[in-house]
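Undergrad: Chains as they are written, first to last, in our numbering: chain D, 1 to 304; chain U, 1 to 381.
In case anyone wonders, no lab produced these hints; they're calculated from the structure. A hint or two may mislead.
Said to hold, decoys possible - Stretch-level coverage of chain U by chain D, calculated; a stretch enters the list once three of its residues show a Cβ under 8 Å from a Cβ in chain D:
| no. | region |
| --- | --- |
| 1 | 4 to 15 |
| 2 | 29 to 40 |
| 3 | 51 to 60 |
| 4 | 177 to 189 |
We treat Cβ as the ideally placed atom computed from N, Cα and C, and that holds for glycine.
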Amino acid sequence: MTDAELREALQRAGYLADEALATTLWLCGELQRPLLVEGDAGVGKTALAAALARALKQRLVRLQCHEGLDLSQAAYEWNYGRQLLAIRLHETQPEPGSPRMAETDLFAREYLLERPLLTAIASEQPCVLLIDEVDRADEAFEALLLEVLADYQITVPELGTLTARHVPRVVLTSNGTRELSDALRRRCLYHHLDYPSPAREVAIVRATLPAAEQVLVEQAVAFVQGLRREDLAKTPGIAETLDWVRALHRLDFKALPEDPQGLMGTLACLLKTREDRLQCDAPRVRQVMEGRRAGAAEAGSARP
Amino acid sequence: MTPQPLEAIAGFAALLRDHGLQVGVAEQQAMVRAAMSLPLERAAQLNPAWRAIACRDVQDWRRWPELFSRYWHPHQARGQVRMSGQTRPSRDLRHLVQNLHDHLARTQPAQAPDAALQAPPPVAEGAPPAERTQGGASRAEPLHDRALAMWLPQDLAQLERLAERIARQLRRRLTRRWRDDLAGRRLDLRRTLRASLRTGGLPVHPVWRTPRRERPRLFMLVDVSRSMETHAQLFLRIARAFVGALNARVFVFHTRLAEVTPLLRRESATVQEKINAVTAGFGGGTRIATSVADFRGVHARGRLTRHTRVWVLSDGFDADAPHLLAQELAQVRARGARITWFHPGALPPASLALQACAGLVERFVRLNSLRDLAQAANVLQ
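With the rest of the complex left out, here is chain D (with noise of 0.2 Å):
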C-alpha cells in the first residue's frame, strides 16, 4: 500500500490526515518502526490509531498507561490461581498412569494470562497496537516497552523469548505530561500533531457531521479557531469541535445567532475549566463571534 493508498484507506475510515502524516504512517510500515505522536489533547492522537486499524482492517489492541502500569498490566501474567488448581485436581485426583507433574507442565503457554503487549506479539494476524498516553506511565515502564519496540519480541524467563508473528503496527501517544526518555524517543518516528487548518476543520466536522448545516459548520469552526487563539488554559480539541457542534445541531441551529447569550449554554462542550469559563462572558464570546464572518468566509474558501 502506498502512502497515497494509505490516505485514503484513513480518509475512507473516516480520518482525514495530511500528506506528511500519511506519508509518516507510510515509512512506519516500512521501516517496521513505532510511530510516537504528539499534541495537545483532542488533537486526534487516540484516533488516528483507531483510524488506521479500520483503515488497514486489522484488529486494535489497546493499551492504556496510567500511573503504577506494570509488567503483570501491561506485557503478561501467569494465571496463578489456575496453577494453583492444577496442582491440586493433580494431588487429588491423578490420573491414573500419568507422570509425575513437572514445574514445566505448570509454565506453559496455557497457564499464562496475555495482556496488551503480548496479545499484539502473538496475534496471528496483524494487528495495530495503540500505547495510549505513554507519558502518564513510570519511567519503568518504559524500559520495559525498548524491547517491545526495538525488536518486538517479549521474553518470558520461564518459557524464553516471544517474538511476533507479524510486526504491529505501533502507536504511541503522549500529551507530554512528562519528558520521555531518549531511548524510547530513538526508537520511534515522531509525528506532532497540531490543531488543523479553519479549511480542514470543516471538513473532519463535515466528514463525522454531515447533517449538520454547511453554515453552521463553517461558523462554529471559525469560532472555535478564533477561542483557540485567546488566552485559555485548556484550548478547545477537535472532539471538543464535533461535541458542539453535535450540540447545536441537536438543538436545531442553523447558523450561530446573533446574540451571544444564545450560545452560553453550550459552551460548556468547549470551555472545560472555571477559569476559562469565568473568562469568556457574553461580551468576550460577542468579539470572538464578530470575527467569526471573516473567519467562516476564509474557512469556506479554502479547500482542505
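Fit chain U to the supplied structure of chain D, relying on the hints for placement.
TA: Just chain U, lined up with the frame of chain D:
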C-alpha cells in the same frame, strides 16, 4: 555539479546534528532507506518522511522546516548572508532520489544504507562544508567572545555543584500521583493482594507507595543583546548548568526569542558560535516585552502553572513601550508562575519598563559572578 546522493544525505545529517538534532547512524540509515523506498514521483514526500525520522520532540519538529529548506532549497531560505565568491550547491530531492535509485541499481541494495555511513562528510563540489551557512552569522556578532576556555575546570565544577544545590532546594511540589517506594508508608492493597497470588495468598511481597514530589519546571530567558555583551557568556554558562541539574529550558533573546536548550545539552566548545547562528539576523536593540510575549504565547503555552519558575537574566533595558513588559509579565503571573529577575549590575534595574513591574517580579537577584550565584542560592527556594 550535484553531489552524490549519499554524500548529500550525510551532509544534511551533519547540518541537523550541528543544530542539536540527534541524528545518529541508525537515523541516517533510516533516511537512506526512506529515500530508496519512495518512488521517484513522490520525492517531495521525503520532507515529512525524514522529519519523522530525525525529530525527537516538538522543538525539533518546529525547527525542521527552516533547516530543511536551508539545505535543500538554499535559494528560498530567507535571512541568509551570501558571502562573496561562495556558490550555493544545487540540491534537488528529485535528482537525489533518481541518483539513489540509479546508484542502488549498480550496487548491492542491501549494502546501500551502510554505504551512506562510510560516505565522507559533505565534501561535494560547490558545497564548502566547513563554511556552511549558519543562518548568516557574521563574524562581528556580540557573542564573538570565545573566552569559555578561560574557565578553569574547578570553576565549572563549582558552577555545577551550585546549580545542583539550588535545584535541590527549590521546593518540590507534592503531586496527587503516587510512586512505588520500598520505604513508603501507604500500602497498595490491590497490588499487594495481586502479588500474593503467586505465594498462595500470603502477602510476602507488600507493595508500598509514597506521594510523588516533582521539582518545579524552570524556564530561563537570557538576554544576549549588545548591552549584555560582557555578561551573556556567564549567563549562558549558568543556564547550561541548570539544563543539566534541573532540565531547564533556556531561551535567548534580543529582538526576538529562540530556544537554545538542545544546543546547551551537548558538550561542545563551539556552543557560542551556534547560539550566534541562532540569533543572527535578530537585529539591534532589545525587545524584552515582545520576547516574553512570544515565550508565553508560543513556547511555554500550556506549560506555565503555579509550579513554574521563570528566571529572566537581563539588565532590563527594553526598546518596547515601557508598559508592555508589565502587561506581559502580568500574564505570566496570572498563570501562577513565579518570576525572578537576575541582573548583572549592583542595583536592581531602574529602567522605566521594570519600574512598572515592581509587584510582578518576586525577587531581583544580582548575578555577575559565581560568588553572586552562591549568595543567590541562599535566597532561591
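Undergrad: Now tell me, hint by hint, if it's right for this structure.
TA: Each hint, compared with the structure:
no.	hint	in the structure
1	4 to 15	violated (count 0)
2	29 to 40	holds (count 5)
3	51 to 60	holds (count 8)
4	177 to 189	holds (count 5)
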